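Asks: Single-letter residue listing:
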Amino acid sequence: MSKFQTSIHEYLETLPLQTFNRLYQKPATCLAVFRLLPPLGKQIIMSSLYVDPPIAVSDMKLWFKGSAGEIKHTEAMQRLKALHIFEEVRGKYAMNATFLEQFRNALTGGGNSQSFGLATSTPDKYHVDIHFLDDYATKQWEAILHFMVGTTEGRPPCKGVLNLLGRSGLMTGGADNGGGGGDQMDARDFASQMARQDFGVPKITHKGFQFLLQDINTQVWAFLLQYLNMAESLNMDLVEVLTFFFQLGSLELGKDYSSENLTPTQTHLLEDLKAYGIVYQRKRGSRRYYPTRLATTLTSGTPVMLGSHTNATKIAAAAAAKKAEEEEEDDHGFIVLETNYRIYAYTDSPLQIAVLNLFVHLRDRFPNMVTGVVTRDSIRRALSKGITADQIITYLTAHAHAQMRKHSPILPLTVVDQIRLWEIEKNRLRPVPSWLYSQFSRQQDFESTLEYASELDVVLWSNQKRRMLCITAEGHTAVGAYVRKLISRHKELQAQQAQQSSPHTHHSPHVSSVAS
Amino acid sequence: MKDHSTTEDDSNLLVIVIDTNPFEWEHSSAPIKLNDALQHILTFMNAHLAGRHDNKLAVIASHVGVSQFLYPTLNDHILGSTQQTEKDANVYQNFKVVNDAVLSGIRGLLEDHRPTLEEKDLGSSKIAASLSLGLCYINQALKLDGMGHVKPRILVLTVSPDSSSDYIPIMNCIFSAQKANIPIDVCKIWGEDAVFLQQAAHITEGIYMRPSDPAGLLQVLMFSFLPDMFSRNYLYLPGQDQVDFRAACFCHKKIVDIGYVCSVCLSIFCSFSPVCSTCRTKFAFQPLLSQARRLGARTAASNPGSPKTSTPGTPVGTPTNLTSSATMAISTPSQ
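Protein chains in written order, with full-length UniProt numbering: chain A, 1 to 516; chain B, 1 to 335.
One or more of the hints may lead you astray.
Beyond 12 Å from chain B on every Cβ pair, some chain A residues (computed) [what the hints assert, rightly or not]:
#1 35
#2 37
#3 39
#4 70
#5 81
#6 94
#7 126
#8 252
#9 263
#10 410
#11 421
#12 431
#13 465
#14 474
#15 476
#16 492
Using 20 Å as the maximum straight-line C-alpha spacing, the simulated EDC-like pairs for lysine to aspartate or glutamate come out as follows [said to hold, decoys possible]:
#17 207/A / 423/A
#18 125/A / 101/A
#19 255/A / 192/B
#20 426/A / 445/A
#21 274/A / 445/A
#22 485/A / 423/A
#23 81/A / 10/A
#24 33/B / 192/B
#25 283/A / 272/A
#26 255/A / 135/A
#27 65/A / 36/B
#28 92/A / 52/A
#29 426/A / 451/A
#30 139/A / 52/A
#31 65/A / 241/B
#32 65/A / 88/B
#33 255/A / 100/B
#34 96/B / 423/A
#35 96/B / 36/B
#36 406/A / 145/B
#37 139/A / 10/A
Example chain A residues on the side facing chain B (calculated, C-beta under 7 Å, incomplete) [stated by the list, open to error]:
#38 57
#39 60
#40 63
These are calculated hints, taken from the structure and not from any lab test.
The structure presented is a predicted model; accordingly, all values stated were derived computationally and were not measured.
We put the CB at the ideal spot given by N, CA and C, even for glycine.
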């Protein structure tokens, strides 16, 4: 559960069919959902898009080659069904009619849904360029991140952001009780408290730390998903919110769009997104808005999973190379890590330094770089905040300097292994709720119980000599019943043979420590 | 493809070569009009672009006597900076830019009435030139990418019959593509099989198809030609059971079943000549076939470089032994 929910797929799959039917009424949404699918899922849709009768399940199986193809097919079909794009009806796959129609519209530009953003009819007197938008987005988004790591840079974000930070569990305290008067004051108070790190008050939760180590696209989605959860409780229409998100993803950077046709919900949404730096509006209530790069790359289809993070960044880098995105440049390729645990980071961004400070013992600071050492203490400090070794390693890999990328593996193995070892070291003890069975009077009873329990695979620990065994909490019902049966059988025997010895069970819950 | 290094994260660069030869499209027997076919092709392009945000597309028109980029156009940057087009809230902007560029490009080509065409160009389109343009474009795009995450492929949509004068340039393109690991897919929308392009698909492990019903072009494109290199590992796609391996001779550009092959440079000739026109090797012998002998004698008489004047230092060590290879037949598995 500690994994922060970042993926829009998982979220979408929890929605009911009715919501999907309404979502699919917009071609832009269909296109965005389509891009979230695995490659073969996309191919299945494309192959059947212009085939009118439903396709027999057995026929579709024939498209795929070998066992590898079959696995991919099943995976893809599962996703398609979860998103209600396909339905299996009497041995045939039928495509959702709304999706079919609107997706065709998306491809051919038909229909009149205006879901790809209505352009403004008149030129903007205060036209802003892409550079300005990038600056704006970076400023707004980094303000949030700065606030999270507690640097004093920039002004604290507005109430909406604080509220969201609190609700999402990225930060604790302060943010949640934003209801009282003087929000601005409240925020500043909170910020200054955050800045005084020696207080050691964990204002930022371990979820928050995990969040910081993700790439920007993932962070933005994480934020928006949280917003969706909040929207439900605020009685905002989920479909309208989602539609708007997907629409933003299809807009073009550097163009202005009219906000006149938006629903009241979406107008409200626009206000909030402005605070995150996802859209830009010159002033409140202005009739036009500009999507920033954060918005236009929303549905870019780059994987948001941690595992393929490096790849995604590389692709993003390739795609964005021509655009020379400042944010991105700051964001990757500045860390050099040596086998002697020294780290050199070519950055002057207080944010990056603050993030590094989470798990590196920083030594020197120069105008364009900082140096530090990865030590047992610094890693343990990070681990104690709930950051995992994998997250640290992924972060270092993703932000490795171009020189480092020439090596394979990118990071020195000694350091990576040591970081993992430090993590394992910390996890030597693991509490497991369990039940202790003891005082078996007969070796035979003990052995049969042990055998029964090990068949169920619920034994945590056992000792033949002392006739004791530990059973996991889940196994207790079954093993308990078994022991009771043994006892009752003994009682019968006792009655017959008038003997007195029976196994006693010790029925109090224990928390036993088991070496892992 | 044998290339297993494909992953889900690859972006695809698709270069589409459209044969816009008006002599074929406007032919009375054409089963589908260019306008309708273009609608199908544009939808297919959009489908390709819809797949991933970083999927790239280039469209080249192979017209009569000229071959030209439709998208990205010359004034655009190579990676397709968007030109100013009117926005339409109903259409995804990326689609619109491409579609408008392709349509206006083709309109421009068809309205261009400057027939600087020579007689021999008539009726054939510049497939070889378009393939070369496509390969150059891909090369440039791959260099710019530098990460190895762009997987290129070429799709040729053709209606024209083979022009045998194109044989050598097409073969050169095929081998370049093979070397660079770029599959060439070929869709012969109607008409006879295109011999050279069929070989192109075979050699580069692309897909060759001649749809049974050209009116259903879109479905064929979507089903067989859309899958990217990653998906192709898992899908059954149309293959070729029979490939026409006939070649065109180097001397008269005729497509031949049986011909003469130079033992040094492997050039193909439809008739015997005592000096190879490609590598200047001299053959100091007469071929065995009577017809060939006659032809040989005639050329020898008219040709000053006859075997008699050959110098001792010819690259061919024992010319008489070469008879068998000089008359080596180029067999065809079938027509």
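Asks: A separate judgement is required for each hint: does it hold in the structure or not?
Replies: Structure-based check of each hint:
no., hint, in the structure
1, 35, "violated, 7 Å"
2, 37, "violated, 10 Å"
3, 39, "violated, 5 Å"
4, 70, "violated, 9 Å"
5, 81, "holds, 19 Å"
6, 94, "holds, 18 Å"
7, 126, "holds, 19 Å"
8, 252, "violated, 5 Å"
9, 263, "holds, 15 Å"
10, 410, "holds, 14 Å"
11, 421, "holds, 31 Å"
12, 431, "holds, 39 Å"
13, 465, "holds, 55 Å"
14, 474, "holds, 37 Å"
15, 476, "holds, 44 Å"
16, 492, "holds, 63 Å"
17, 207/A / 423/A, "holds, 18 Å"
18, 125/A / 101/A, "violated, 39 Å"
19, 255/A / 192/B, "violated, 49 Å"
20, 426/A / 445/A, "violated, 38 Å"
21, 274/A / 445/A, "violated, 70 Å"
22, 485/A / 423/A, "violated, 44 Å"
23, 81/A / 10/A, "holds, 13 Å"
24, 33/B / 192/B, "holds, 18 Å"
25, 283/A / 272/A, "holds, 13 Å"
26, 255/A / 135/A, "holds, 16 Å"
27, 65/A / 36/B, "violated, 33 Å"
28, 92/A / 52/A, "holds, 12 Å"
29, 426/A / 451/A, "violated, 33 Å"
30, 139/A / 52/A, "violated, 50 Å"
31, 65/A / 241/B, "holds, 18 Å"
32, 65/A / 88/B, "violated, 41 Å"
33, 255/A / 100/B, "holds, 19 Å"
34, 96/B / 423/A, "violated, 52 Å"
35, 96/B / 36/B, "holds, 18 Å"
36, 406/A / 145/B, "holds, 16 Å"
37, 139/A / 10/A, "violated, 30 Å"
38, 57, "violated, 16 Å"
39, 60, "violated, 11 Å"
40, 63, "holds, 6 Å"
Consistency note: the structure conflicts with the earlier hints numbered 1, 2, 3, 4, 8, 18, 19, 20, 21, 22, 27, 29, 30, 32, 34, 37, 38, 39.
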